[in-house]
Every structure is written in C-alpha cells, then in structure tokens.
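Student: Residues per chain, in single letters:
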Amino acid sequence: MDIKVLKYDERLRERIDKIAASNFMKCYQCGMCSSGCPSIDEMDILPNQINMFLMLGQFDRVLESKSIWACVACFECAERCPQGVDLSKINEALRQIKIRRNMDLFNIWEVVGKEELPTIVLVASFRKFTA
Amino acid sequence: MLKYNYFPGCTLKTTAKQLEISAINVGKILGFELTELPRWHCCGTVVTLASDDKIRSIGAVRTLIRAQETGDDKLITICSVCLNTLRRINARFRDDDEFRDAVLKFMDDEPPYEGNIKVLHYVDVLLELGLDKLRKAVKRKLEGLKVGAYYGCLLLRPAEFSIDPNTERPTVLERIVATTGAEVVDFPLKIECCGSFETVHKPDFVAQRTYEIVESARRAGAETIVTFCPLCHFNLDRRQKIIMQVNPGFKPMPILYFTELLELALSEEELSWEGHEIDVSDILRRYATIKKEA
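Chains A and B, in that order, are what the protein sequence lines are.
Just so you know, this note's numbering puts the end of the first sequence at 131, numbered straight through with nothing missing.
Just so you know, this note's numbering puts the end of the second sequence at 294, numbered straight through with nothing missing.
If we strip away everything but chain A, and leave its shape as in the complex, we get (with noise of 0.2 Å):
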C-alpha cells in the first residue's frame, strides 16, 4: 500500500474530533466495521481505512472518498466496535466539513419530480448531502 507520511493538519483534525465526538485514534483496526457494513459495494475505501487514513493524517484522501457518502448510519458499524469508536458520527463530521464548504453531492432538481418519494427520504438525503 501507498502510504505517504505528511504534514500533520492538527487543526482540521479538531475540527474533525469536535463534530463528531468520537475519537477516531482509538480504533486498532481489527475490521469489525468492514465486515458488516451493507454499504461496502458503494465505497472506495473501507470502513476501517477511513480510520486508518485519518490516524495517518491522509485526511484528503478520505474527505474525497465515495465512502463517507455511502454510509446512511445504519449504525451497525458503531454498535459492533469493540473499541466504542462511531464511525457513523465520523462520517457525518466528514461529510459536514465538505458540506459547510457549499458543496452539494448531486443537483436536487436532477433527483426530485421523477418519481413519489416519500417526505422522509427528500428531506434525510437533501440533509446529509447537499448544502
């Protein structure tokens, strides 16, 4: 694997730690998360790298990853981890981070007016993935 060691970004792993309220450098990686995440064939990295990543200080390769989008918080993943990290809470910090910088994961008009959805899905997925 390409591991680069860089410039440790202290402030944005704050920031990281301050939104999510679970302490991603507590996982030892032993891939509970992995194994049961429903959302696996949607990502580019596994669970258990993002935290990986993120203990390695490769922030960018995961705030620009498939797989913070993936995750719906099905909460498998935190109710499993020996080690009591929530990745679920992590991911919605990363997604957080790039949303409050006026990103949006997809055009809203693109999705909306095709079908009846329900409310709960509209309001959930313009919540978690548009700005």
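Keep in mind the hints are simulated off the structure, nothing from the lab.
Each statement offered as a hint is correct.
Below, a list of computed lysine-lysine pairs in the BS3-like style, where the Cα atoms sit at most 25 Å apart:
(1) B:139 with B:17
(2) A:18 with B:105
(3) B:54 with B:118
(4) A:114 with B:241
The structure presented is a predicted model; accordingly, all values stated were derived computationally and were not measured.
Given chain A's structure and the hints, the job is docking chain B onto it.
Tutor: Just chain B now, kept in the frame of chain A:
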C-alpha cells in the same frame, strides 16, 4: 378506552397513509386510541450526528413540548425514523447540559421542556397490553401464512434506543406475528439496512439491497415481509420494480406494513390496502374479503 398521545411524522401523512390507517384501526379493536397531537413538527427526519449542530433538533424538542402540554408523559410513534430521532434528541436533552442550555435559550418563547416525556413505539403499546390479549382478539387466524419480520436499522440501533434488548437477534416482532397464527420465518438479513435515503440518488444500489433482503427471507421460507418503517417499506416494495426489469426471472414478494398484518388478523371487516407497488391482494383474499372502491 386507553388513550395515547400520538406523533405521526411526515411520511405517515403522505406515502405511508396505510400504515397509519391500519395502526389506528388495530388500536380501536384492541381498545386503545391514538390521539394525534393537536400540533406537531417534523422530527428532523434523521437525527443529526454532528455534535455542534443543535438547530436541527429544535423541531423534535418542540414536538416534545407539545406532548408535555397535554399533561401526559407518553408519546407514541410508529415510524422507525421518528422513534430513533425523538428518542435520541430526548436523551441528549436530558444528558448534555450544554445542548439543553443552548436549546432552551433559543426557544425561550416556548414553555421550557422538562425532559420527562417517554417516547414509545407502537410495539411498546402492544407489549403493555399483553400478547395474550392480542392472541385472544384474533378473528381471522392467519394459518399457513409464512411471514418474515424485518427490523431494518433504526428500530434496533443504537442499542440504547432499541425496541428489543437483543439487537443482534431480536424476537419482539416475531412474538407479535406469532399471535396472529401466522408462521414466523426467521431470516438473517432482518436486521440489515435497506439502503435508506440512498434511494433518492442511487435507486439501483437500493434495488440490490432489496434483492438481497427479499431473497434472504425467501430462502428461509417467507412469502411476505412485514415492516414498521415507512422508508423500509418504500424501498423493499418499490425497488423490486427495478429488480424485475434487470432480472425477468425474479419473483416479486409482497411487502406489508406490520399493522396491516395485525389488521388482517384482528378485523372482521372487508379490507383494502392502498399504496403497494407489489400486489398484496392474494394474501388479503386468502383471509378476508377485498373492499370494493366506493
């Protein structure tokens, strides 16, 4: 008649009307009434997981204040997402001083929420009544119907807010299904996520999840899946249409709301179930007469 304060949430008033209608009917038969709060607010649909985001919890707290104003300390929900959101925000309000102070300051035109509302699920009401009472009230025994009960994620996780203390092998829904005389089918993917709100921009991915869940239930012997969640129902029901387009050999499986199954067993009336993509009339016809449109 027992009366409970009831919070419907957005989707039981739109695409999941049949869930609300059947839940209310079942309540009437069993002797309890769901009294809708005279005014309520969106729960926020999904609980915010960002610790510094407080504004998206305001709607839920307002609803809890509306419940508090009635003088009763219980609030019933049916939707899994509303249950999870209201329970989590309620707990955060009680446990997180900084959060509570900020919310109360922001909402200082409202009577302050005291944190005493117990958010209960429809299942809790059934358990409180007692499953024996349910069993005795059955008018049409659903003998021969093979039912897989699907929990999805938000009825079970996080464990602190679960409707069953065993989050990996829950049995509460199965115990309720068994009272109807139907045959309970246990299947491994009953606690796995359906793909949730990814259904908006990735319907194909959710169709894949649906395929795995439906086939898991079928392999275990189920002919139908029942669910409490309006979102799971939408995904498991509607997304089968995509599976059928991709895989013409796929046999669709009817997906019922949990309370529709109870209504079928407890009611003596003619029934009609609206809002299903996959035809449910075979199951209905087996045990009841289908109500003709007026």
